[in-house]
Amino acid sequence: MRGSELDVVLRNPATRRTFLRGMGVAGATGILAACRKSVEPGATGPASGAASYAPIEQEPGLLHAYEWAGYDAGWLYSNYTKSGYEKPKFSFFVNTEGALAKTAAGFGWDTDHPEVGYIQDFINLDAIVPWDTSLIPNFARLNPVLEKTGQINGQQYEIVLDWGYSGVIIRSDHVDPSINSYSYLFDDDLAGHISWFDSNWIIQMAAMVQGVPGNETFDMPPDQLEAAKNFCIEKGKNVYNIWTDYTQMWDDVRQGNVWAAYAWPDAYVNLKADVPVQYIRPKEGVLSWAEGLVLRNTTQDYHHAHQFADAWADAGAGLKLINVYGYGHANLDIDLSKVDPDVVKVFGLDDPQTNLSEPASFIDRFQPQRKAYNRAWEEVKASI
Amino acid sequence: MAVEATVEPAGAAPRGRRPRRHAHVGATAALLSGPLLWTIVFFVVPVVLVAMYSVGFVTLLRDDQYNTLAFWRLFFSSSVYLNTPFSEGLFWRSVRMSLGVSVTCVLLSYPVAYMLALVAGRRKYTLLLVIIAPFLTSYLLRVLAWRVLLNPNGVIQTFLRDPRVGVLHEGQNIAWLYNSTFAIYFVLAYVWVPFVALPIFVALESLDLHLLEASTDLGASRWTTFRRVTLPLSMPGVIAAFVFVFIPTLGEYITPQLVGGPGGHMFGNAIQASFAESFDWQFGSAMSMFLIFAVAILLAIFGRYLNVRSVAAG
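Residue numbers (my numbering), protein chains in the order written: chain F, 2 to 385; chain A, 1217 to 1530.
Chain A on its own, in the form it takes in the complex (with noise of 0.2 angstroms):
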């Protein structure tokens, strides 16, 4: 009898900690409710209420089209937005810009995350803060700042004409510095560099160290080493790093508004335009739509060879 009331069935939780397991759900549903209800209310529900605008489900102007798709064939049907990839319809110019920047940033930022946590040792900390400084300063300020910088009577090209310097001859200018593709270029890769590096160099912090001497010991180079070994090894976070560089430039328009010039329009400038300056929010809905699905599919894509874990946790 005593034998038969402590047997327990197979499977059954012990008792005792059911409670506990309870709690423990309970606690994680309290945890997630805030950031759920924050993502519901700020994220979820504003994108829904943009995807039903953009098809006049929602209205809120008396000239607003009611149950249509005639904003999306628009869209879909215009060479301005969309068209080929090869073509110069927005969307397409912004991606490559995108993918410009991203690549930049990661080739930017692995050596120097690389240095950080392989070489510097112990003040490689003190050295990530002072590489992650900048962004203490707003964001909008390090682009004016470059403005500054770059434009044909700015600091450089002052300093290139000085007759001392000889660089440039009085009246000269360097066009492709400013108001250009470069300039675009190169102040979103200066904004991105620090926050590119941070997921290099998380993954290559959790690199075991054993793997290294092993390939050293084994008889391959520094290169070889390097290439066969921990290149691979960090690649989660170099395509963390890629991804978190290339969704928000996809949809940048701050940027090439101030340092750009007149080509410097894309299709985050054309979604602003429509919500801003033409009061034509359902087609700007319909843009807006289309770039949240590329993220999602870009993001489905990547998150495939993306081990969260490798670059969040180490």
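Pulled out of the complex, with its shape left as it was, chain F reads as follows (with noise of 0.2 angstroms):
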């Protein structure tokens, strides 16, 4: 759902969302895919449980990480090569939808990065296995809301370590923040000075200020998506823009351009100190993000894959990536007295659970009409 354009050209290695969702992408896999032939259910690698793998001193050892530019950095699983494995080798995608692309195209790799709407797409190209939690020490420290959004049919598909809220930002030196709502986004009043993402989950916003429950919102019938969908060509004028680029987004707001935008908590974190912002999380609950790792079914790297998740989940990981990144982190035991309270106050770092479960949040999910979603989204932008 995330990640930016631009980025791609701009090569910001800040963060992971420094890259464009570019067309290089769609021609590259394009072109493999052209090449491969059609994917077989039930081709699969090897069968899922550490049993059948090699132990780990017999595996090759160089893991191959599939990851949002910025998660290379080496702080984010410093426990893994602290243990003495070799540094993973790194690829990276542009957003989740390339790298299923490339994945079913054929590419290569042991871990990668999605998002939990995006597992079931793994799993219907038989691209992923499950963990085996018990490698994970640090498992048990994740909280239990974000890892049941890593599970199908009751199994770990995905170990979910980083997280965020797709709310909105407001200038509160031009906006109400009592109001309190996704109608921020869609508001006569503001005319000229919203900002929406080029993501369908607008169209899901709309739908939750007609009053569809958040939790509905993933799979509308085709009158509520209808309906949604005319209600954002009818506010479309209102837009200012439609962001790919966050660092874009940021800059309008900080400018006066934007008063209203969807934005994920690292814009607030990014620009409070600047101009007066209010991050707003929704009274109808807030559309949540998460992700975090899977496991290749074809991996030769099983366990080192399983030690590099351990990395990953450790709280000292955690906390930085809050630090830096403005991320939520799953793991319980952050210690958050290193935290900005702002931060810790304003995305309710202090309470996870609560604040990540319904109805006080709605996190994402398989979108089982991904396509009509999308198509509804293309008519949105086309009618602007």
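The hints are simulated quantities; they were obtained by calculation from the structure and are not laboratory data. Be careful, since some hints might not be right.
Negatives, chain A to chain F, calculated, CB over 12 angstroms [stated by the list, open to error]:
1. Leu1247
2. Leu1252
3. Thr1255
4. Trp1288
5. Ser1294
6. Val1296
7. Glu1304
8. Leu1315
9. Leu1334
10. Gly1337
11. Thr1441
12. Thr1446
13. Pro1478
14. Met1482
15. Gln1498
16. Leu1515
Quick list of the computed label-pair ranges, beta carbon to beta carbon [to be verified]:
17. F:Thr299 / A:Val1264: 29 to 35 angstroms
18. F:Gly107 / A:Leu1290: 52 to 58 angstroms
19. F:Pro222 / A:Ile1256: 43 to 49 angstroms
20. F:Glu235 / A:Ser1293: 19 to 25 angstroms
Source: prediction; values computed, not measured. Where is the CB? At the ideal position from N, CA and C, for every residue including glycine.
Starting from the two chains in their separate frames, assemble the complex, guided by the hints.
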């Protein structure tokens, strides 16, 4: 859902969102995909379960991590390298759809880092196997609300590690914070100062404003989807821009061009010192994203992958993730006294289980009608 | 006997030349084989695969549909993507944009090319180099640079807001300058003008100047000479220039995305989104093939009016 196209041009190494969701991926993967045969369900690698795999000493040892740019930072998995394992080889994707496309085309990796809403897509590609959580000591310290979103049919296909909200950032000198709703993104009074993100979640937010419960917005019947789409089309006239590059959105908020924008927590962390902003977790409940590591079914480094995931799940890595990127981390043992108290309060880091549970939050999940949603979103963009 | 031996049947190739012709044919084939292979492998085959994928003759993903025209039907029935030329269908929006940009580019480039070819004299190649110098910079960077210049807090509007200039009040913006259709046209025109000037320059440079002298000698004014002699003779270059801009901008998506604002969503953006964002490859393939067909038809039409040799070789 997230990612930034412009950033691949800017090559900003500061965060993993520093990439364009570019045409290059589509082109390259298209050619690769064209050379590949149809994916045959059942053509899997080794069966799941540690017993099926060679012991760690017999594994090649060079883990191939397919990651967001910026998530190759050594401190995110420092316990892994400290244990003497070779630094993983990293490849980067610009968005999860691109990662899926390359995977479908036969691109090899050991671990990938998709949002939980895409786990089912990887399973549909027959590309991943469940983790053996007994091999990940830190797993017991991870937020069970989040880890549940990484399960399919009771099996832990993703070790959910980082998360954040898709809320609204407002300029509190121009906008009344007490409204506390996704309606900011459609408000006629803010015409010309609203910024949407290029994501079909805008349609879900519109549906929530129209009264659809957040958990139902991931799989709306056609009439609801149509109504939400039409609402977006009607309100499209109020939109200043649809951002794909988060730094562009930050600048627009900072400069006063935008008073209300679809935003992740990092926007607040980066802007709060510069201009009067508030981060809104709407009264309708906030849509949230969560993501983590999935394990390739063909991996030759099964145990190394588990060690890598354990390092990522460490509280120290989580603390730094919060302070550096402004994202949440699934580890519940993080020492929050070392985090900006305002950030803790605004994002509810002191009680993540409650704040990430419904109805306060609706965590990303598989969209069974994703194509219909995407086409509706295309229609919205085409109609503005 | 000796005479019979030396007479060759009419139409037969002279002895001794046949091997040379074979060598010539062989050399031609050898020279052509590389580009031909390249074109087949990296253009024809991918296009065929995309075409087959759009109708499900080739499938890649579990939920791909087999042997179906559903995506073509969806495309043709959707008011979003096609509809009528006067509607807001994305394809026609892109066509209008491309037409506008192409015409603008040709109008802006013609005087430049004219000056270079017919006025600049010995300095023309130096000046030509200067004009095409922007091509040494990345296309994307040039577009990004305009974003810095045009945005409400960019160089231009900040300058106009300066109290000493006083064109804009504090907090006042020129809305049409950024995140607008104007911005798309303007930036695309800037990007393509140097490129468009080249074929017009070549066409003008190949003009027989004696014709211009003859026109003057016969009493025609400069304007009449231009209108009756120069312009018609340079039309192949003008058409080539138009085509050179129109075709690539028809699928343009990055410039509208960067400077076009919410109204900058074009047909190219829809194709890009289908592949890179929506994982809707079969529909994206149908749209891509439609664009290729449209471009092919346009090329065929323009090709009737375009004397390639007069543009390329002079």
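Cross-check of the supplied hints:
1. Leu1247: 26 angstroms, holds
2. Leu1252: 19 angstroms, holds
3. Thr1255: 15 angstroms, holds
4. Trp1288: Given a closest Cβ separation of 15 angstroms, the condition holds.
5. Ser1294: Non-interface label on Ser1294 (chain A) violated, nearest chain F Cβ at 8 angstroms vs cutoff 12 angstroms.
6. Val1296: 5 angstroms, violated
7. Glu1304: Given a closest Cβ separation of 7 angstroms, the condition is violated.
8. Leu1315: 19 angstroms, holds
9. Leu1334: 40 angstroms, holds
10. Gly1337: 40 angstroms, holds
11. Thr1441: It holds; Thr1441 (chain A) is separated from chain F by about 46 angstroms at its closest Cβ, greater than 12 angstroms.
12. Thr1446: 40 angstroms, holds
13. Pro1478: Violated: least Cβ distance 4 angstroms, not greater than 12 angstroms.
14. Met1482: 9 angstroms, violated
15. Gln1498: 10 angstroms, violated
16. Leu1515: Correct as stated: the minimum Cβ-Cβ distance to chain F is 22 angstroms, above 12 angstroms.
17. F:Thr299 / A:Val1264: 29 to 35 angstroms: 30 angstroms, holds
18. F:Gly107 / A:Leu1290: 52 to 58 angstroms: 28 angstroms, violated
19. F:Pro222 / A:Ile1256: 43 to 49 angstroms: 48 angstroms, holds
20. F:Glu235 / A:Ser1293: 19 to 25 angstroms: At 23 angstroms between Cβs, range holds.
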